[in-house]
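J.: Residue numbers (the working numbering), protein chains in the order written: chain A, 1 to 190; chain B, 1 to 190.
Hint data in this document are derived by calculation from the structure and do not stem from the laboratory. Here the structure is a predicted model, which means the values were calculated and not measured. Among the hints, erroneous ones may be present.
No distinction is drawn between identical chains; accordingly, a pair holds when it is met within one copy or between any pair of copies.
List of simulated lysine to any residue pairs, SDA-like, C-alpha gap at most 25 Å [what the hints assert, rightly or not]:
| id | residue 1 | residue 2 |
| --- | --- | --- |
| 1 | 9 | 51 |
| 2 | 132 | 172 |
| 3 | 49 | 61 |
| 4 | 132 | 169 |
| 5 | 49 | 17 |
| 6 | 132 | 66 |
| 7 | 97 | 24 |
| 8 | 94 | 116 |
| 9 | 132 | 148 |
There are 2 protein chains.
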Amino acid sequence: MKNANTRQKILEVAQELIQRRGLNAMSFQDLSDAVGIRKASVHHHFASKADMVVALLQRYRVEFQRVVDDIVRSNVLGRTKLKRYFGLFVETGKSEKSCLCGMLIAEVSSLDEAGTQEVRAFLHENIEALQKIIQQGVQDGSLADQLPVQGTAEMILSTLEGGLMLSRCDGGPDQLAAMLSRLLSLLSTK
Amino acid sequence: MKNANTRQKILEVAQELIQRRGLNAMSFQDLSDAVGIRKASVHHHFASKADMVVALLQRYRVEFQRVVDDIVRSNVLGRTKLKRYFGLFVETGKSEKSCLCGMLIAEVSSLDEAGTQEVRAFLHENIEALQKIIQQGVQDGSLADQLPVQGTAEMILSTLEGGLMLSRCDGGPDQLAAMLSRLLSLLSTK
DNA sequence: GTCTATAGCGCGATAGAC
DNA sequence: GTCTATCGCGCTATAGAC
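When you get a sec, could you build the whole thing from the sequences and use the hints?
T.: Structural data, given as structure tokens:
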């Protein structure tokens, strides 16, 4: 198996395990079991756990933002974009995972400085994207025009991350979807 | 030191450590260091970590609900009650802690069945209290009358838990308070 | 109720052969 | 790039003296 492939496979497994269990409940042994190589071989690709988390977050941010950009740039109402953005979190809930960064903000005290900065960058990127969506929705008349853009963007991301966590513990993705559709109504023009 | 006192002291320290770092980043050694007794003595009070978590959650639920009940029963507008309920989370953020149950819903896969049920009970109790507050606010005219009671209660709790997590990673309690005041506006009568 | 001591295991990480 | 082997440590948990 080639270098790059193994490295990618490790990152895939690591991401899934962190989304399901959390950083501190995942070990290099778990990774080596799932990938089918020895623990020492995992260390060949990632010197330390902290290094692996940073690499994982860099990849996740790029992939997530590519999907988000597609939504932001699509030719639909702001309200519809918001609904699609919500859908990303509902889909994650359906596969019984949390948001990678949602999990890591809970465990932020276990991250080093580089990891913490990656998580912060994820939050900023998403708040920025939500601000764009809200502004466009206000302009096209699909979202309420008295919304303070920044505060609302922060509120939406908080609700999505928190709601996904809560739904994993109780209620599941259907209840999450129902709750988010109520939020969407609240933000929409009457 | 008496039995009950030591037991309470252990629970206090355990709660603080879990709220700051998370369940999987806290050990019996941490507890014994902070309380000033040996690790084996901690095990005398709590046979296993899972037992300790359940005892901790039972106590936390009672204490939290006592405070919440005071808010629900106070003689003020529903909107004011909601603001005070929000304040509980802002205060937690000011002491650089997360909600105990907010942390544990992220780490729910590390809990046993009894622990998971305690966390669910906490969520249910708080959603119920929020429903009462919303209903009263709708009746006294301080909150918007088109709010679907259950969905809104779930949304508020999600925003509070998620917002506290996000603010711990970036922005701090002041940004959390600002975001929540925007949420309060959104829920209030115009 | 607290202690010393330890079992038994898993962890992150490293050395060095192939 | 993967392997075997191991280090050093921390973990939960238990046994048994005081």
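J.: Given identical chains, is residue 49 near residue 17, meaning Cα to Cα at most 25 Å, within a copy, between copies, both, or neither?
T.: Both: 13 Å inside a copy, 22 Å across copies.
J.: Classify it for me, residue 132 with residue 66: is the Cα-Cα distance of at most 25 Å met within a copy, between copies, both or neither?
T.: within (15 Å within a copy, 42 Å between copies)
J.: With identical chains, the pair residue 94 and residue 116 could be close in the same copy or across copies; at 25 Å between alpha carbons, which is it: within, between, both, or neither?
T.: Between copies only: 19 Å across, 27 Å inside.
J.: Please work out whether the CA atoms of residue 132 and residue 148 approach to 25 Å or closer within one copy, between two copies, in both situations, or in neither?
T.: Answer is within: at 12 Å inside a copy they meet the 25 Å cutoff, but 28 Å across does not.
J.: Between copies, within a copy, both or neither: which fits residue 97 and residue 24 at Cα up to 25 Å?
T.: Classified as both: same-chain Cα gap 16 Å, cross-chain 18 Å, threshold 25 Å.
J.: When Cα atoms must be at most 25 Å apart, do residue 9 and residue 51 count as within-copy, between-copy, both, or neither?
T.: within (16 Å within a copy, 37 Å between copies)
J.: At 25 Å max between alpha carbons, let me know whether residue 49 reaches residue 61 within a copy, between copies, both or neither.
T.: Within. Shortest intra-copy distance 18 Å satisfies the 25 Å Cα cut-off; inter-copy 35 Å does not.
J.: Checking an output row: residue 132 and residue 169, CA cutoff 25 Å. Within, between, both or neither?
T.: Answer is between; shortest inter-copy Cα gap is 23 Å, intra-copy 31 Å.
J.: 25 Å Cα cut-off: does residue 132 pair with residue 172 within a copy, between copies, both or neither?
T.: Between copies only: 23 Å across chains, 29 Å inside a chain, cut-off 25 Å.
The structure meets every hint from the earlier list without exception.
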